[in-house]
Amino acid sequence: MVISEKQDEICEPNQDQMIQKLVFPEGILLESGKKIVPLEIAYQTYGQLSEAQDNAILICHALTGDQYVADVHPVTKKPGWWSKMVGPGLPIDTNKYFVICTNVLGSCMGTTGPRSIREDIPQPRCWGSDFPAITIKDMVNTQKILVDFFKIKRLFAVIGGSMGGMQALQWAVSYPEQVYSVIPIATSSFHSAQNIAFNEVGRQAIFSDPDWRDGEYWRYGVTPYRGLAVARMMAHITYLSEDALNRKFGRKLQESIKASSLPIFGEMFQVESYLHYQGSNFVRRFDANSYVTITRAMDWFDLSQTHDGDLVNAFAHVQSRFCVISLSSDWLFPTSRSRVIVQALNRVGARVSFVEITTDKGHDAFLLEEPDLDLTIQGFLAGIEEQRRLENHAS
Amino acid sequence: MRLDQRCIVDMIKPHSKVLDIGCGDGSLIDYLCRDHQCDARGIELDMSYVTQSVGKGLPVIQGNADYDLQHYPTNGFDYVVLSRTLQAVNHPKEVLQQMLRIGRHAIVSFPNFGHWTLRAQLLLKGRMPMTTVWGKYWYETPNIHPCTMTDFVHLCEVEGHRIERWMAIDEQGERAPWRRYVRLANFFGEQALFLLTR
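First to last, the protein sequences are chains A and B. Heads up, the first sequence is in full-length UniProt numbering, so the first residue is 1 and it goes up one at a time. Heads up, the second sequence is in full-length UniProt numbering, so the first residue is 1 and it goes up one at a time.
Chain A extracted, bound-state conformation:
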């Protein structure tokens, strides 16, 4: 694996100045009781907020996503991660809806995280590994600060895949009156032992990199590139299905490899170089402390935890309409996990739709071209919009 780029200034990267963000001097009180002061929230918006402030959709990104949902990413220069879904005339139509996406708390694209400057100490410096442990609820509370800032009383929808789906569920549980509808995609109400195990391997890969330096790498002008890349490579496998990998690469060899030679070192199969490419791309835009912080937040996630271990209790006061979506070949958050959510919602009599999208592309399919996913989201949004009209008409 070749990683050519080397950043000299790791704390507060240069691209920071072009990131749109708001500073909240009062900060945020975390679930752990710790405070982060001040709090910066980086975000992107698309479309116009209606006069009645009733057309706002909050999109929650996944572990390594960011607020660049539908426009070119400032670092990678690639199109936004959901530019197929969000935009004028697309399923989440920005001609109709005001779409907000915030960079999650603890991440590294402008919202306060381990790479931000810590200002609550005599000599401000990078938070680094001093950044406190956070939870999915802390991420949601951060988003709520921004939503309240926009004076949006009720979000029309909260939509998210994977970790974004966890945030969407948390929104419905924590702020039932503030969420009209929720679309959790390819997600789970808790992180299983297997999910935690995969994350732990990723973290250990980072920790075992000599450049990790107990999380203080930023002091030395280095980053644990290799560890972070290995973490990403391993995680990336869990985002794909066996069929998708087979279709894309099968057992194809690298062009330089002769059938007669059998190298032990270096790349042999095409799938290897693909993973290396994924790993090296990732480290250019992501911070190792952020990766550790956010994977921990995911591992800690269990909606039932603060409700006597019963998901039904967690959902007892939800008011939102739900559209739970799973992906048939997703083995990271399989359909059975979505069914657990649907069954618990049924028990409390919540209004819920549930679709399993047939796809062989694995967990990542929600980011890819999936006509049925588009149809489902578009149709569900149109349906609840009509219901809201009928309700308003009736009342």
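These aren't lab readings, by the way, just hints derived from the structure by calculation. Keep in mind it's a predicted model, so treat the numbers as computed, not measured. Treat the hints loosely; a few may be bogus.
In silico contact screen, one side only, chain B against chain A (beta carbon under 8 Å); selected entries [claimed, not checked]: (1) 59; (2) 61; (3) 153.
Listed below are the simulated PhoX-like cross-link pairs for lysine-lysine, each with C-alpha atoms no more than 25 Å apart in a straight line [stated by the list, open to error]: (4) B:136 x A:96; (5) A:77 x A:151; (6) B:56 x B:125; (7) A:21 x A:151; (8) B:56 x B:93; (9) A:84 x B:56.
Ranges of calculated distance between the beta carbons of each label pair, as one might list FRET restraints [said to hold, decoys possible]: (10) B:94 x A:20: 56 to 62 Å; (11) A:177 x B:67: 45 to 51 Å; (12) B:90 x A:22: 54 to 60 Å; (13) A:371 x B:198: 30 to 36 Å; (14) B:27 x A:393: 18 to 24 Å; (15) B:27 x A:358: 20 to 26 Å; (16) A:49 x B:11: 32 to 38 Å; (17) B:136 x A:247: 34 to 40 Å; (18) B:90 x A:360: 25 to 31 Å; (19) A:263 x B:67: 47 to 53 Å.
We put the beta carbon where it would ideally sit given N, CA and C, even for glycine.
Starting from the structure of chain A, add chain B where the hints point.
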């Protein structure tokens, strides 16, 4: 909406909460929501139907009548509808029990296996009947628990379900003239429709 579904709509009071089990393309709940001021939801086994329904904005979940009804709250609905599906479930008795636990009323329709043409086919040819409804060979049909109207009345008696209304419906979904005697309806009715309460 199928014609037989109109007879179902006639049994449902407006502004009710309805669960439609085996809701197919969702046309019944679509009608109930839009034109009958109901809060109607559906369960459907076939994922392509589910995707189609949710894509139309209907609150439908993919699920199975045999396994997923247990997750619904007691008295959660005013009506629970099972149309043309009873004969295809694994545990018809348990499904009926669940329906009347979840809902105050249950509306059940099924193809009547007691219709004279079916009886005639079995009697004269000695083969499993084939009609437009029973249009598949015995080894291909999803209908594993066919019953007659008389059979159904018997089950309701055994289970203590009260029959509030019943009717026979012909193949086109029009209400058939056999209104007085179940035995006669059982002979001439192609479809059966029952409204039950606990």
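Hints versus structure:
{"no.": "1", "hint": "59", "result": "holds, 5 Å"}
{"no.": "2", "hint": "61", "result": "holds, 4 Å"}
{"no.": "3", "hint": "153", "result": "violated, 31 Å"}
{"no.": "4", "hint": "B:136 x A:96", "result": "violated, 48 Å"}
{"no.": "5", "hint": "A:77 x A:151", "result": "violated, 32 Å"}
{"no.": "6", "hint": "B:56 x B:125", "result": "violated, 46 Å"}
{"no.": "7", "hint": "A:21 x A:151", "result": "holds, 17 Å"}
{"no.": "8", "hint": "B:56 x B:93", "result": "violated, 32 Å"}
{"no.": "9", "hint": "A:84 x B:56", "result": "holds, 20 Å"}
{"no.": "10", "hint": "B:94 x A:20: 56 to 62 Å", "result": "holds, 57 Å"}
{"no.": "11", "hint": "A:177 x B:67: 45 to 51 Å", "result": "violated, 33 Å"}
{"no.": "12", "hint": "B:90 x A:22: 54 to 60 Å", "result": "holds, 57 Å"}
{"no.": "13", "hint": "A:371 x B:198: 30 to 36 Å", "result": "violated, 44 Å"}
{"no.": "14", "hint": "B:27 x A:393: 18 to 24 Å", "result": "holds, 23 Å"}
{"no.": "15", "hint": "B:27 x A:358: 20 to 26 Å", "result": "holds, 23 Å"}
{"no.": "16", "hint": "A:49 x B:11: 32 to 38 Å", "result": "violated, 45 Å"}
{"no.": "17", "hint": "B:136 x A:247: 34 to 40 Å", "result": "holds, 35 Å"}
{"no.": "18", "hint": "B:90 x A:360: 25 to 31 Å", "result": "holds, 29 Å"}
{"no.": "19", "hint": "A:263 x B:67: 47 to 53 Å", "result": "holds, 52 Å"}
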